[in-house]
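Colleague: Once you've looked at the hints, dock chain B against the given chain A.
First to last, the sequence lines map onto chains A and B.
Going by the working numbering, the first sequence runs without a break in its numbering and finishes at 239.
Going by the working numbering, the second sequence runs without a break in its numbering and finishes at 80.
Each hint can be trusted.
Okay, the calculated beta carbon distance ranges per label pair:
#: 1; chain 1: A; residue 1: Glu67; chain 2: B; residue 2: Pro50; range: 28 to 36 Å
#: 2; chain 1: B; residue 1: Ala52; chain 2: A; residue 2: Val20; range: 55 to 63 Å
#: 3; chain 1: B; residue 1: Thr76; chain 2: A; residue 2: Gly50; range: 25 to 33 Å
#: 4; chain 1: B; residue 1: Ala52; chain 2: A; residue 2: Gly168; range: 54 to 62 Å
#: 5; chain 1: A; residue 1: Val20; chain 2: B; residue 2: Thr34; range: 48 to 56 Å
Derived lysine to aspartate or glutamate pairs resembling DMTMM-like cross-links, with alpha carbons at most 25 Å apart:
#: 6; chain 1: B; residue 1: Lys12; chain 2: A; residue 2: Glu149
#: 7; chain 1: A; residue 1: Lys105; chain 2: B; residue 2: Glu13
#: 8; chain 1: B; residue 1: Lys12; chain 2: A; residue 2: Glu151
Think of the hints as simulated: they come from the structure by calculation, not from any bench.
Ideal Cβ positions, reconstructed from N, Cα and C, are used throughout, including at glycine.
Here's the letter readout for the chains.
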Amino acid sequence: MVQFGGSNCDRDTHHVLVDVCGVDTDLVWYKDGFARQYDAVVLPGGFSYGDYLRAGAIAARTPIMAEVIRYARAGGLVLGICNGAQIASEAGLVPGVFTLNAYPKFISRHVNLRVENTTSPFTMLYREGEVIRIPIAHAEGRYVAPPGEIERLNREKRVAFRFCDEQGNVGPESNPNGSIESITGILSENRNVLAMMPHPERASEAVLGSEDGVKIFNSMIAYIEKYGRRSPTRQENRT
Amino acid sequence: MKYTVTITIRLKEGMLNPEARAIQHALKNLGFQTEDLSTARLFRITLEAPDAEAARKTARQMCDRLLANPVIHEYTIEVE
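Just chain B, same shape as in the assembly:
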């Protein structure tokens, strides 16, 4: 079966996010007041797997071995 997994990787709660801070500042320059802003990285990967659970397991391994750095990141996985 073909599955599409969507992986979202974000900084753990409380981690400094200089990118988000700079974007928030730029939005402010354009007149947008924001209370909070965070950023995340999204990967959409199509792969072959026997079932949805196997696709999720593979995606988790991809995160643990390359896509995320466990020191600073957390991730969520959606399978469709």
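One chain only, chain A, in its complex shape:
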């Protein structure tokens, strides 16, 4: 768990990983760098560098992110949540950008998501088309990418989640921030990076009203247990 100045979901996510999922997890201050070999890296939510310039832009250019990029290129699992997703896209780990919501206010509420991909290390415990409830909390979460890139993401099944209604229908009414094609979770080319605006750590315990998000962390754990750490090949080649 990388902590940047202004991260504020690092301890919540750490709590879920340690106390709910039972995983040995370190909080790593961005200036310290990685001292151990890890099975996965999580970039938590928050407001790194006060969202100056663009959300995630400055954190994406810190030396520890150069390490994270190398780690991801070698096949390591990287999960970017909210500000972590903005950092991951700014760092070029996934295509596109998360920018100011179409209606430019901060939105903090539960939303419905349709699971679009169930073969990635982050989503393998879900059913395809499953509707899950996970909160969002952002002002800069509108996903934008060039049309050719969107077409490629769809073709390669690299959209992990779309906003939807309770029945799983995708459309403008259930798209809270104006994201292109309601996309709010994207996988990297090799499926080892997931950038998502919703907060699975806020939906990982019954007391929080939803446990739908914990499957993301449990998927990562199951994937690592099955295939071992650092899995550079494409997921669909294995299944």
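Modeller: Just chain B, lined up with the frame of chain A:
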């Protein structure tokens, strides 16, 4: 030589600009009718460079590597 580069970064043509729309709306509330409104971000940077072309090249690198996001932005650079 010392140069001052002025970098203007704006959204590409056709990109949704919610900030501009909100400002336009606020101006309307004050009684100003506007046909169009766009926003941009301006950086004025003083730096050392052997010549104006080198200063421009450095500014371009700054834009490409940090100041602009090529997915949504375009930029112009003036050197003086």
